[in-house]
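Residue numbers (my numbering), protein chains in the order written: chain C, 6 to 226; chain L, 6 to 226; chain H, -5 to 219; chain S, -5 to 219.
One should not assume that every hint holds.
What the hints assert, rightly or not - Examples of chain S residues lying across from chain H (beta carbon under 10 angstroms, computed): (1) 114; (2) 168; (3) 195.
Calculated from the structure, these hints are not laboratory results. Idealized CB from N, CA, C, for every residue including glycine.
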Amino acid sequence: MEYVPSKENIAKRIARFFKNGDVVNLGIGLPTLVGNYVPEGVELILQSENGFMGLGPVPEAGKEDPMLVNAGGSCVTIQPGGCFFDSAMSFAIIRGGHVDATVLGVLEVDQEGNLANYKVPGKMVPGMGGAMDLTVGAKKVFAATQHFDAKGNSKLLRKCKLPLTAAHEVDYVVTDIGLFEVKNGAFVLKEYFKPYTVEYILEKTDADIVVDKDCREVDLG
Amino acid sequence: MEYVPSKENIAKRIARFFKNGDVVNLGIGLPTLVGNYVPEGVELILQSENGFMGLGPVPEAGKEDPMLVNAGGSCVTIQPGGCFFDSAMSFAIIRGGHVDATVLGVLEVDQEGNLANYKVPGKMVPGMGGAMDLTVGAKKVFAATQHFDAKGNSKLLRKCKLPLTAAHEVDYVVTDIGLFEVKNGAFVLKEYFKPYTVEYILEKTDADIVVDKDCREVDLG
Amino acid sequence: MLAKPIVTAEQAVGLIKEGDVVMLGGFMGCGSPPALLAALEKKGTKNLTLVCNDCAVHNLKTGEMTFVAPLVAKKQFKKVIATHIGLNGEIQRQMNAGETEVLLVPQGTLAERIRAAGAGLGGVLTPTGVGTEVQEGKKVIDLDGKRYLLETGLSGDVALIRAKKADKAGNCTYDKSGRNFNPLMAMACKTVIVEADEIVEIGQLDPEVVVTPSVVVTHLVQAKK
Amino acid sequence: MLAKPIVTAEQAVGLIKEGDVVMLGGFMGCGSPPALLAALEKKGTKNLTLVCNDCAVHNLKTGEMTFVAPLVAKKQFKKVIATHIGLNGEIQRQMNAGETEVLLVPQGTLAERIRAAGAGLGGVLTPTGVGTEVQEGKKVIDLDGKRYLLETGLSGDVALIRAKKADKAGNCTYDKSGRNFNPLMAMACKTVIVEADEIVEIGQLDPEVVVTPSVVVTHLVQAKK
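Go ahead and model the full structure; you've got the sequences and the hints to work with.
Okay, structure coming up:
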């Protein structure tokens, strides 16, 4: 079986977690894609940590407002019913448990629920931005990642080697081949995505995986 | 010499301390009177700890707005250039050193700069309200008090007996017979108000008083 | 944006259970929600903890009572956490008689304790109260030679909030000095009931002037006009 | 209400002395004051400490620089305290080469540290960063079995603020997501310079919508239109 990276499948699967009215913060990059796959009838309230609630889609060309950007600095819009606030209020909302879920990118994630995504010492040090607050504050933390890096190494590990963004805070890891819940020091495989198999996942992942008794195949289409 | 209580003289003298644009919080009761004696050309910005800047005078009869009250619950007005805020911001302004001066009432004040004004255990326990924050936060703390209580006892003491509102925070004590700076564990007499004399003050006050070398008589009229 | 249920004051106070910690906005009643207080008095739920700046007015000589005072007089609260109770003679009486537990907290500290809980902070270090009775039993932390008290977060079960305008999603604005503790309490409770003078459609509040974000509000009540 | 001096951007940045801690509002430049940054670059004041969410954009391949990036490239800052520097390759290079000291702080923690200083608090207890490198050297406080880091207040000498409207007294409103750190920094510095898109007469701002109260603002600058 050949591994074909699919950001879309990761985003599709995460999007199915949400119910109508959930307050969600999507990290820049891959996590932002989640917004494209939210099921019909489900409207998310997106929080943008740079200071507003009700993040809307990219504006039409020519209608960009440089004073209305997302946390990546790109021009966006605000939905009816949204509101602006300062950074202290933004993180009061995040840290205070008023955000239902956050989706964050991954450099490494391990079976203890540790996440590393802000620093490769000496090489790439972008900084943690809001990620450390999001991981401790959001009710559910989704780590969104391709299952393997460019060299084919598992991004799911027994123990992170990079500096942590958060310790023991990840609830779910969603890759392009399966859905894992982090529980009791192991990745619990809940779903494997067609065409991958349980055996493939167990063989290729460098971590302790428990196959859930209700584990099932899911076709993300 | 007979002691004639005069709230007006206390208020008059304190009012002369202020310069144009000073941000001041006046306690309820006697301290509020200070606002009536601010010299011409001096405009104070009054902070009201229940949530606004730019406290204005009592409204005309019939124009009261129950949603615009001072910290004592009485209807007031807001000046042009004022603004409303919540209680956290109100005390951020107070505690953060953004208030130039506060004037507070007194049950007891001592030569160490300790102030007691919120509690007589078992008898009267109104609570400290904003007074503890005001005393630690305002740049200058004025204790405004009649020099003697109803029984003729000095309200300036060597050591407060009542529970403290603040330890070592009072800068000036202004009574109806003199002005004292609290310094190095003593009341430094800076001014005595006509018709009282230095001798009278020294004799009648139950505390260590140092007579300032520039101490002078002041006629508050 | 999801609309929140608009309920009657009676339905709203039905969400308050015996033993709950109830946070009540307002300062001498200015900014307290009158319909919610009336309904809670009528329902008579007891054994509550009240967190509020003060207990409004209860003049024992004239019998005058405002806002939360009738609920205090009916002993619906086993405990009161407040900054000032000087104009409510009855709660002072209950305190001195040992009938009701009263915790007096400096006003800025109460604001920060509530804010901390709503903001997911364990607490704050404040210089307020150092060297006073407020210090008793608290950790004192020295930073660069200055002493601070560690004051911990204070959260509640239900917040009773009075807003000027709310949109149907729950975004709120407040009315002049009626703002006070309301926005802080709205962040710090699981159930947040807003009695609004006016409830408008989603999109009708300027997003720049919203004080309380919709996501923390759980129920809306139309105030009597 | 006292009017604050309206000065030019050049006069305003003259208030910044070598060695000062400069707080700069803005998030990827959105909400940073462009005229003040241009004047400070021209003046060339060095040895400063910059407190800002990020360092805007400096693309080392194309040479593109935005907002504070040219000042960073000229090494006007001996130290940078920020949450994210991923889009400024030059400050990453300076950090890795040991040329400039960079302290990376979680965004919510930076916000609370600045707010604490402005609010007269010694610090806050936050769960953010527990079990990470951010914890190093900090006091860990356990409350009811949950661990928090003690993060201390962070104040500055001069705040460079971008407002939408300011009245002549100094009251400010902000523009959409340009609000971010501006109101927090305006509370936390001794000198607070506001570059406003529009400066209006005292009394022309609705007191309900003011975000930064006049009393903390020391100087006003009219932004280029």
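These are the hints, each one checked on the structure:
Satisfaction of the interface hint for residue 114(S) is found here, the shortest Cβ-Cβ separation to chain H being roughly 7 angstroms, below the 10 angstroms cut-off. At its closest, the beta carbon of residue 168(S) sits 8 angstroms from a beta carbon of chain H; the interface hint therefore holds under the 10 angstroms criterion. The interface hint given for residue 195(S) is broken, as the beta carbon of that residue sits about 20 angstroms from the closest beta carbon of chain H, more than 10 angstroms.
Hint 3 from the list above is the single one not met by this structure.
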